[in-house]
Every structure is written in C-alpha cells, then in structure tokens.
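Enquirer: Here are the chains, one letter per residue:
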Amino acid sequence: MDPVDAEIAKTQEERKIMEAALAPNSITFDTELYDGNNRFQDYNREIPANDEEENVDAMDNEVARKLASYTAPRSLLNDMPRGGDDESLGFKKSQRIIDREDDYRRRRLNQVISPERHDAFANGDKTPKPETRTYADVMREAALKREKEETLKAIARKKKEEEENKAAGKGRETVAAQPAQKRRNRWDQSQDDSGAKKAKTGSDWDMPDSTPGIGRWDATPTPGRVGDATPSLSRKNRWDETPTPGRLADSDATPAGGGVTPGATPAGMTWDATPKLSGMATPTPKRQRSRWDETPATMGSATPGGATPAVAYTPGVTPVGGVELATPTPGAINLRGAITPEQYNLLRWEKDIEDRNRPLTDEELDTMFPQEGYKILEPPPSYVPIRTPARKLLATPTPLGTPLYSIPEENRGQQFDVPKEMPGGLPFMKPEDYQYFGALLNEEDEEELSPDEQKERKIMKLLLKVKNGTPPQRKTALRQLTDKAREFGAGPLFNRILPLLMQPTLEDQERHLLVKVIDRVLYKLDELVRPYVHKILVVIEPLLIDEDYYARVEGREIISNLSKAAGLATMIAAMRPDIDNIDEYVRNTTARAFSVVASALGIPALLPFLKAVCQSKKSWQARHTGIKIVQQIAILIGCAVLPHLRSLVEIIEHGLNDENQKVRTITALSLAALAEAAAPYGIESFDSVLKPLWKGIRSHRGKVLAAFLKAIGFIIPLMDAIYASYYTKEVMVILIREFQSPDEEMKKIVLKVVKQCVSTEGVEADYIRSDILPEFFRNFWVRRMALDRRNYRQLVDTTVEIANKVGVPDIVGRIVEDLKDESEPYRRMVMETIEKVVANLGASDIDARLEELLIDGILYAFQEQTSDDANVMLNGFGAVVNALGQRVKPYLPQICGTIKWRLNNKSAKVRQQAADLISRIAVVMKQCQEEQLMGHLGVVLYEYLGEEYPEVLGSILGALKAIVNVIGMTKMTPPIKDLLPRLTPILKNRHEKVQENCIDLVGRIADRGAEFVPAREWMRICFELLEMLKAHKKGIRRATVNTFGYIAKAIGPQDVLATLLNNLKVQERQNRVCTTVAIAIVAETCSPFTVLPALMNEYRVPELNVQNGVLKSLSFLFEYIGEMGKDYIYAVTPLLEDALMDRDLVHRQTAASAVKHMALGVAGLGCEDALVHLLNYVWPNIFETSPHVINAVMEAIEGMRVALGAAVVLNYCLQGLFHPARKVREVYWKIYNSLYIGAQDALVAAYPVLEDEGENVYSRPELTMFV
Amino acid sequence: MQASDRFNINSQLEHLQAKYVGTGHADMNRFEWAVNIQRDSYASYVGHYPMLAYFAIAENESIGRERYNFMQKMLLPCGLPPEREDE
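Chains as they are written, first to last, in this note's numbering: chain S, 1 to 1267; chain B, 10001 to 10087.
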C-alpha cells in the first residue's frame, strides 16, 4: 500500500501548489456579486487541477481529434433517442394529448361535465320534477354567472379606482370602513398579484371554483376537472398540492368568503341541491375543505336527486375524507389510497430521480472500485456536510422520503409501480386508471350487489377492456357495449365514459377508442341521449379545435351523429346557454359545434335560430358567437352554402355596424369566409354588404380594418370585370396606405388582398403599373420580408400574380438587381419569384439588356449561395436558361466554366449542384448547338465518376444521362464503349440515387447503343442487374426489368437465359424470385418461343428449387404475355399436369397460379379444351388448408370462371353443395359463393332443375316457355 | 391456426361473402337455396329487357304486367318455408 500512499500524498501536494496559484486575488470577478473566497467552500476539491489531460476541448488535443473522426456522424447522433426533460417516460415520446396542447386548448379541462337535463320530448306535457334541470334553470344559471362576472369586474374596477385614489392620497378611511368587503378584495387582489398566473388564465373568473358560487354546486365532481384556477399541470404546482399551513389558510379564506355571503347564491336550483349533497356526505365546511385535496371522485355525476352523490363520497371509493388537512405532514399523503394522475406522474418522476441521485453506499462503492490500488481516506477535519437551504429544499418535500436520506419504509398500501393482479382476466390497469376503475379491484361478491351496481361494474369492466385491452378483447367489449347500450341506459354509460375522456393523462389512442365507444353507443341509444347532450358536447367540443386532423374529423362525426339522434331542438337547447358564455373558449368551441350541427341537419333548419342569436340585444358575446357560427359553417361546408348564401349574409350584415369592435371584426371575417366558400358565384348575395364594407375601410383602423380588407379581398374576385375594377381602385388607396403598416398580420392580409384584386379580370395592367407597383416594391421588396416564412410565401405569390398581369419585364426588371443583394435569404426570394414568373410567362419579353443583367445576377446568386436545401437557386437557374433557349448561347461558355469550376469544389453539395445544373440545361445546350461543349462536359463528368459521395455520384450520372439523351450514342464523348465498362462497377453501389441514375443510363445505352459494347460486357452487367431486382424503390426495379429486356434483345436471349436459369439454383429465395421475373421479361421481349424450350427443359432437373423456379417463371410469363399465351398453352399443359399432381405443396400452388394467369390470358380465345383439362387437375386441391395454396387454387378456379364461363364451374360445384360431410359442404359453398358474387346473372341459366316439394314450388316454368 | 393466419384473406373470405345477399353457407337447406335461385332468376328476367319481351309474347301479356308479376313473385317465390325438423 505504500506506493499508493505516496502517490496520494504527492497528488495532494501538487494540488496545494495549484490552489495557491489559483488564489482568489488572481481571479478577476466582481467581488460584490460573488462574495469573496468563501464562495469556494462548497466547491468540489477532488478533481486534480493541474493534469495535462484535462483538456476539455477535443480539438485542442491531437489524440482526441483523431478519435473524433471515428465517431458516428453527427446526423446519426442527433437522431439517437435521448431522454429529454422527462426521463420518466424513457425513450418514447410522450403520447399524452395534454403534452402537445397549448394553454388555450388545455382550457378544456376547466370545463365541467354538466348534469343531465330535462328532456321535454320524453316527458311530454308533464311538469318536470323540481330537481331536474330544465332549460330555464340552465339559462338562469348562465345569467347569474354573467352577472357575477360583471359584479366581480365592477368590484375589481372599483378597487382599482380606490387604489388610485389612495395613491393620490385621498384618505384611507373609505377602505377601512367596510371590513367585509376589504377581506374579499384582498382575496381578489391575491389573485391579481400572481401576475404570470393571471396572464395565463385570463378566465380566472370563468372558472366555477374560483369563488364559492353556485357553479360549484352544480358541478359534477369530474376527475378531469382542474379544481381551482391554477392548472395543476406545471411542475411547480406540486407545491400547491402539498397541504402546507400557508395554503390551508388560503383555502380557509375562500369558503369563509362564501360562508359570509350565502345570500349571494340565490338560484333556486342551488338550494335544491345543496342540502342533499351535504346531507349525504360530510358537513358542508369539511367538504369545502376537501376540495383542495383535488381528489376527483370516481363517480361521474353528482346528479341532484340521484343516488350517485352518495357513492361519490363513500370513503371506500375515494378515501379522501380520511386525510385530515389539519396535519400537514408530507407523509400524510401516503395515507391516501387514490391520488390524481398528475400527482402520480410527479411522484413517479421524482422517485425515479431520487433513486438515481441517492448517495452511494459503502458497499456499492466497494463493488465499483477495484480492491487494489485504492484506499479509504478519512474525511478532512474541515469537511462539513452540505446544509445549504437550497439543497435542503430540494430534498424535503418529496412525499416518498423523509428529509435527508433514509430508506423509506415499505408501504404495502401503495399501489404504484407494481400493478395489482387483475381479477377475472381484466387488462392491465395503469395507476392513473385506479380512480376510475378502482372499484373493480374490490373483490366483492357480485351476487350481493344491487342490480344497478352490477350494471355499473359491467360497464366499467367493458370500458377498461376497450381502453387498455388487447385488440380482440377490445373488439368484443366494444360490441357488447354497443349491443347492450339500451339495456345499460344512457345515464350509467355516459357517467362512466365521459369522465374518462376528461382524464388529464389521456393518450391519443385511448381518446380515439373512447370516442369510438361514444359513437357506437350514440347510434344505439338514439333519442335516449337527449338529457346528456350537453355533457357529451363538453367532452367532444375540444376535439373540434384539436391540432390533429383526425381528431377534428372524429369530433365532427360524433357531434353530427349526436345532433341526428337528439334532434335540432335539443341541440339548440343544450348549446344556447353557452353561446354567450363569458369564457371565450366555450364560445369558440360552441360556434364550431353549431356549424357541425348545421351541416348535419341542414342550414335552413338552423337559420331562424341563427338570426335570433345574431340580433341578440342582450350581449355582444351572443352576436359574436352567432356570426362566428356562420363563419364556421362557411368554412366547414364550402360551396354548399350557395343556396343559403343570401340568407346567411342577411343574418350577419348588421354586424358590420355593430357597436362592439370584436363583432365588427368577426362579421367581416365571416363575410370573407362566405365569399371564399361561394367563389366564383354568389356576388349578388353580397350586394347589401358592399356599402358598409367600403365605408368601413375608410373609418376603421387596425384589426377591424384588416378584417374588412380581407372580406373585400374575397368579394372582389366574385364581381364582374367593370365592378371589380371600380372597387379595386376604391380599395387600393387604403391598401397602399396600409403597405407601410408595421403589423405583420396586416401585411399578410394586404398582400393577399392585392393578389386577389390584381388577379381579377377588370383590373388593367396600366393601372397596376402606375399606381400599385412603385409603392408595392418600395414597401414589400425589402430584406426583412424574406426572413419570415409566411411573409416570404405570400410576397412571392402576390408578385407572381402581379407579373401575370403586367408582364415579365416590369417585375423582373425591378428585382433583377437584387440578385446581387448581400442578404442570401433575400436573393433566394428574388430568385424564386423570377423562376416562377419566367416559368409562367416565358422570357420573350426580356430585352437584351435585361437578359444580360439576369444571367449575370443568376450566376452571381448561384455562385454565392451557401445553403440551398430547397434547390431554389438550381430551379431558378434551370427555369431561366430553359426559358431563354437559344439566347443563352453567348453565355454558355461562362456558365460551363462556372460548372466546371464548381465540379471541382471541395464541398460535396456544390459539386452535386453543378452536376444537377448540367442535367437541367442539357436540352438548351443542344438547342444552341454547343455539342462540342457538351462533349467536353461529358469527358469532365466521366473523369468524376470516381466520386465517393453517393449523392454527388448520383447527380453526375444523372448529368451524363442527360447529355447522352441529348447528343445521342454515336456522338457521345467519351465513347460508349469506354463509358459503359466504367458504369459496371457502379451498379454495385447500394445507394438508391446512384442505383436509379446508373440503371437509367445503362438501360438507355442498352436500348439505343447496345452494339457499341461487346456482348461479354453486357453479360457482366446482367449479373449485376440480378441484384438490383431486389431494390426497394419501384422505379429501380422497373428500370432493371426493362434493361434486362433490352440486353436480351441486343445480344440474343440464349446467353442471358442460361445465366438466369443457372441462377435458379441459388439458395437465396429472393434472388430466385427476381430471376424468375427476369426470365419472364426476357420471354416477353424476345417472344416466348425462344425461352420456353429451355425453361421446360430445366424442369427436368430433379431439384425442388429449380422446378419451383421454372413454375414461377411460367406463372409470371403467362401473366406478362397475356393473349400471346394461347399459342403455348398446349405446349406447357403436360408440365403443369405433372406439377399439379406433385406431392410438394409449393409445386401445386405455383402451378395453380400459372393456370390462373393462363386462363385469364386466353379467355375467349378458344382454348377451353386445355383449360377444362387443367381444371380437372386443379379441382382436387380445393380441400387444401395451407393459406397460400388454397388461395392460389381459389384464384385458379376464379380464372376458370372467366375463361370457361360460370356454368361449367357451377357444374363442378353442384356435387358438393349438399354433401353429408360438413367440411366438404363448407368448401363447396365457399366456391359457390365466389362464383355467385362473380357471375350471378350468368348462373340463372345454369341452375339445376329442382323438383317441387309439397307446398313449395321450386321449378322455374318461365325458362321452359317457347314461342 | 396461427395468429398470422387469423386475419388473412382466406379466413375472411367467407365473412366477406356473407355480406352479399344470395350467398349460401354450409347449413343452408334446399328451400333457402331454391328461394335464392328463384329470386335471382326473376331479378334477371326483369333486368334483361329482351327476356321480358320474350316472356310477354309467350304469355300474351304486356311487358309492364310481366315485370310486375315477376316482382310480385319475388316476395315468396317458393311459398311458405317448410317446418324445420329440429325445432
């Protein structure tokens, strides 16, 4: 051990010296920020400070630099899955819906699944029982909520004013005079104070729980609902959930406020409900407190009057009641059986991290380090364990462990991590599911349960199977749910399903399945669904604004089915209260849902209602939503609005003059949507809005103006030429003024409107040239526009549209100079515009001077580009050169010089582009008679065939191909006989782009210039081609197949065929398959008679693979040659006879498929005798069980049906249809059925004559009629 | 049966076929099959105008009457179903 000690001592010595060198005075940092040297006390002193190998930067170190080149490419490393922020989820990306939602969409969780409502249709004229919620109740509540909202706003405003007064020093007595109010204000203020929170949830006030109002009592305690204003999703929220004394005070304060003002909740409904709830559960104050626990009850509905609330608060199900908040120890949480999913996730995550970061024990260290060479040192006397408050804070509050570290005691009551064994074959239950399906775990005796409870249990089981089960389980469960839907009843079903959909941890797949359940159930329940319409809507509406397209479609389907089941009246009654909801989110989704209803039930049915809503005097929100519904209808059903266009416009037109700015905006947007949907028809319907619109653009500014302009932009294209021109001139003044607007949204709208105006027929080029262009270019053609993707697109589109009107020179002339701009994105934008303009309109208008500038600019831009992923420069270059045609001739030497120079560039990308450019301009070079230049380029490219980057090599081959195509085989330099041998090894390259270009080139040569190459070389190529038949890309396989044909044609089939037949003997199956394909192709190109003899001879080889290969080739061959087969069918029949009688299954299978192709090919060509003969050999195989064989046999019989007629096959069938053995009957009926489906009508004449039986007449006398 | 076979076309074939009216199955009896045959026949007569015209001449009826008659006969082409023995 001595040497070790010495070593350690030496190291310590060295470190001391180094530390002295690093003394604080040598370090220059702000001492007032980092207080002196005690800062270093916490630092780790164990790392040697003077080691040479400490070099961190790999590039400074020779060894490291060398090693660096051996690592995987960065692109691969970047692709490697790595744990992101949430390691708990492992490598898999989170599937949960909530993780990809933005804050706005998350507001769906704030919605409350409302209790069911009165169904006026079902109950007829009976007065509803007092406890059922009627439409009137709901409306009253909505009104109350609004009122409360307004009152609160007023209070807030007043408070603010007061504060301002206070600030002005006007006296504090006024505030102190009203203690009760002050208290409330303080509470309000505390909400306000949390600035960030407030910003995020603008609808604090909307949430039913933010104040102890009626909303809370109405609310069904759904699990998904986020109870209070802070969405409990962010991590920091964990602290809120831990019941600290501080929070408790808070929570106490809230209900107290409610308790003081019980009179503030005077809704009749409330008083009905309250005593029931509190009576059955715990005394009121206790329940209020437990709200902070956030434990959603298992039960979905707290329907007033129902028995359900009792279940909801049964301690057995949710043992929330057991947690006494008075003991705010973190460990108390452990007592809770059920925790919310968010909490669970956090716990899991935290536990995981804890586990990984826990201190290593001595034993662990012992196992990690070798026994020799290490020594355990005493900790230095100055060492003190870290006790910094920050670190401590991190460790303390985890509910799973006590502060600092100690092994937590095992708690057998906890359920996480190890899923409990599911009774009765139920699928795995995720911990998040326990609160919903936990009841299934109680192994109660089903007999003892009441029928209702049994039903609930059954539903839960089925739902769990649908949600988590395997596909077969899911399928049967779904079917059972559907079949028994009416038996279960709408209430129990939806009370189970809907809360699941509100579950915060829901994943896409689960949501899809549950939505599917709803859809199926809806179909069965039909009108029974009425009381639950709003409930369902609350859950389904968020789907309408989901970012996933399929979710949106699903949502639409459900709502459409729902409205068909419940009827318009119920739908309106359910959604009417939401139309002027204070929460914008609710109004938005409601409007979308209404548009779906309109498309499901027809617009006319909804019109009277819409009209009333849009004219609502009560609130602007109602008008806003009504108009938004119209907009959504237009977007949803497109041109189908046309029949109702006039009425829809009339309904919303007054909104243009509404007093509320938001209403005016949405009206204009709706008109835009209507016009867009109706285009190019329906201008007459917009007559009434033209005047207000045009007046509006003069008087409005900002957002409203943008909306108005948008509407005009969509209406102008509908107009006749004269009007369009007039109105365009009217609006153009405003547009030109707004060109300067700094607002991005306005910019986009202005560009769009300009595009629409300009493209209209009546707008003259001269007008555009003189009035629009100067300002347009001055304001929009600036570098900044190129930076934003959407601006860029819109600007290019608009400019191209203008160019269509005013011609190429005006536009190109203005921007051509910018091709030499110093900003690359801007150059790219210019290039793209020029490309599109020139491609649309040609280059004939470009004069000599412009042409010069253009080529110059393009060359500059092409050479200066640094990154071009979208190939804008390349495409632009190609488009311009092709448009100019022969006029490029003077510039070609320069262009080719550039290309040649760039082909030699160090960067692969540059070389690739240069080669690509050659293939673009080859045709033009030919037009300019620059064949010598092309030949030269050909030689240059030939020299670069050694290129090692496959992408570049592919492009070089492509360029060669383009040149060969243009100048032909004879004039090609290098000569074909030199070129082709150079290509043969390249065929081995496995890169797709190389393969494709190479095979194209080779195929081209084989087709046109096969004679330039010796046959031996072609044979060599044949071998390479066999491999290529396996390529993944279809284009490559097809090119290969064609090339085989060309080669066989050029050098005769015998040699190629010999190679191919030999290849049938190889072991690899895929290779054999490819070979058989090739044989068939050769047979097709060189006529079958050149191939068949050799092929049939090969069948005599007593080897399975070979024989199967031959049969397979025959099958392909007859598939390819089609009708030609009629000359060969008699020749191959003996061979097929043999194969169909072979013991080997595959023989019979392949032979059957050959027979099929044969039969289909020769149908109607008079080969029936041979086919019947073959059918006799095929028929005994119908009892095969192997799927492939039976498939081939059935298809052969189908083929026979086509070739021989259904009657013949029917006669084969009749013998077995009523066979005493069931197995036989089954097969025969299967054949009969496919025969019947294929040729039902033809069978009529061939059915057997059945004798009458007593009462029953089976004969068909009509067929015996004779005139 | 292997898991992969369970969903292939062959096992589904019968299910697919069963979707069409007029197809049969192993438990079909003489009467059911005959009903199908009769209905197919009448449908075919009605569907082919020349056939209809031929029958009209043979029976000395109008073509419309023939069509009507055939359609009526499709209701119970073979009379009431016989009693099942097993029931």
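One thing to keep in mind: the hints can contain errors.
List time: in silico DSS-like cross-link candidates among lysine-lysine, alpha-carbon distance up to 30 Å [what the hints assert, rightly or not]:
1. Lys993(S) to Lys961(S)
2. Lys10073(B) to Lys516(S)
3. Lys836(S) to Lys611(S)
4. Lys988(S) to Lys889(S)
5. Lys748(S) to Lys703(S)
6. Lys1223(S) to Lys10073(B)
7. Lys10073(B) to Lys484(S)
8. Lys10073(B) to Lys475(S)
9. Lys564(S) to Lys10019(B)
10. Lys820(S) to Lys729(S)
11. Lys836(S) to Lys729(S)
12. Lys10073(B) to Lys524(S)
Worth flagging that the hints you see were computed from the coordinates, not collected in a lab.
Enquirer: Of the numbered hints stated earlier in the document, which are not met by this structure?
Expert: 2, 3, 4, 6, 7, 8, 10, 12
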